[in-house]
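Work the whole structure out from these sequences, hints included.
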Amino acid sequence: MSIYTQPNLTGGMDEVLIEVVTTVPSFMIGLLVFVFGFVFISGSATQKKQSGYADMPMWSVMASLSTLMVTLILTIKGGLINLETLGIVVALTIFSALWLFLSRGRGEQ
Amino acid sequence: MGEIKFVTGLLLTTLFTLAIVMFVIQFGDENDSAVLLSNDSDYSGIQDSLVGDVQDFNEDAEDSVDTLMSTTQEAGDQSASSGGQFKVGAFTMIRMATVIITVVFTKIFGDDIGFGIFLTAITSILVWMIGLYIWKAWKGSPD
Chain A
1 MSIYTQPNLT GGMDEVLIEV VTTVPSFMIG LLVFVFGFVF ISGSATQKKQ SGYADMPMWS
61 VMASLSTLMV TLILTIKGGL INLETLGIVV ALTIFSALWL FLSRGRGEQ
Chain B
1 MGEIKFVTGL LLTTLFTLAI VMFVIQFGDE NDSAVLLSND SDYSGIQDSL VGDVQDFNED
61 AEDSVDTLMS TTQEAGDQSA SSGGQFKVGA FTMIRMATVI ITVVFTKIFG DDIGFGIFLT
121 AITSILVWMI GLYIWKAWKG SPD
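From first to last, the protein sequence lines stand for chains A and B.
Heads up, the first sequence is in our numbering, so the first residue is 1 and it goes up one at a time.
Heads up, the second sequence is in our numbering, so the first residue is 1 and it goes up one at a time.
The set of hints was computed from the structure by calculation and includes no laboratory data.
Don't take each hint at face value.
Within a straight-line C-alpha distance of at most 30 Å, the following computed DSSO-like cross-link-like pairs (lysine-lysine) qualify [said to hold, decoys possible]:
id, chain 1, residue 1, chain 2, residue 2
1, B, K5, B, K136
2, B, K5, A, K48
3, A, K49, B, K136
Right, here's the structure in full:
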C-alpha cells in the first residue's frame with residue numbers, strides 16, 4: 001500500500017514530477033533547500049578544512065546562484081514551481097549578495 | 001569598513017540586483033517559461049527604479065567632483081567649509097538600498113504590517129550609518 005497515488009510513468013519524466021509536486025507541494029521546495037544546503041555547507045566546510053577559514057558570504061552567494069539556476073529550469077514547465085517560490089529564491093540571492101558586498105574580508109579591519 | 005567600501009558595496013549590490021532580475025526576466029521571455037518573474041509587480045517595478053537611481057548617483061558623483069575641484073583652502077584651514085565633496089550620492093544610496101531591502105524582506109517574510117517594524121529598524125540604522133560615514137569622512141570622527 002502506497003502513501004500517495006502513484007504517478008503515471010508513461011507520460012514522461014516531467015509529467016511524473018508534476019504529479020509528484022501536485023501530490024506533495026513541498027517536494028520542490030525541499031529539493032531547492034537541499035541544493036542550497038549542499039553547496040553552502042560542503043563548500044564552506046571544504047574551504048575551512050583546506051585553509052582554516054570559511055568565507056561564508058561567498059559560499060552563500062554560490063549556493064544561492066546554484067539554487068537559482070535549478071529554479072530557472074523548473075520554471076519552464078508549468079506546475080513544477082510557483083511564482084512565490086521563484087520570488088523568494090531571487091530575494092535570497094540578492095540578500096546573499098548584500099551580505100557578501102558589505103562583509104569584511106579576511107584580516108580586514 | 002571604510003566609506004569607500006561601504007558605498008561601493010551598496011552600488012555593487014544594486015548592480016547585482018539589476019543583473020539578476022533582468023537575467024531571470026529575460027530567461028523567462030526567451031524560453032517561454034510558464035512561470036515569469038515579470039508577472040511579479042515588485043520585481044518588475046524594481047528594475048526601472050534602480051536604473052533611475054544609478055543615473056542619479058552618476059549625476060551626484062559628477063556634482064561632487066565639481067565641488068571638490070572648486071574647493072579652496074587657505075593656509076591654516078583644518079578642513080573645507082563645505083562637506084559637499086564627501087556627500088557623494090549618499091541619499092541616492094539610501095534610496096537604492098531601501099528599495100532592495102524592501103523587496104527582499106517582502107518576498108521572504110511577506111507584507112504583514114506587523115513585521116514591518118523590522119524593516120523600519122533596518123532602514124533606520126542604514127540611514128544612521130550613512131550619516132556617520134559622511135561625518136567621519138568630513139571631520140574624522142567618530143570611528
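Item checked: Numbers of the earlier hints that this structure fails to satisfy, in rising order -> Of the numbered hints, just 3 does not hold.
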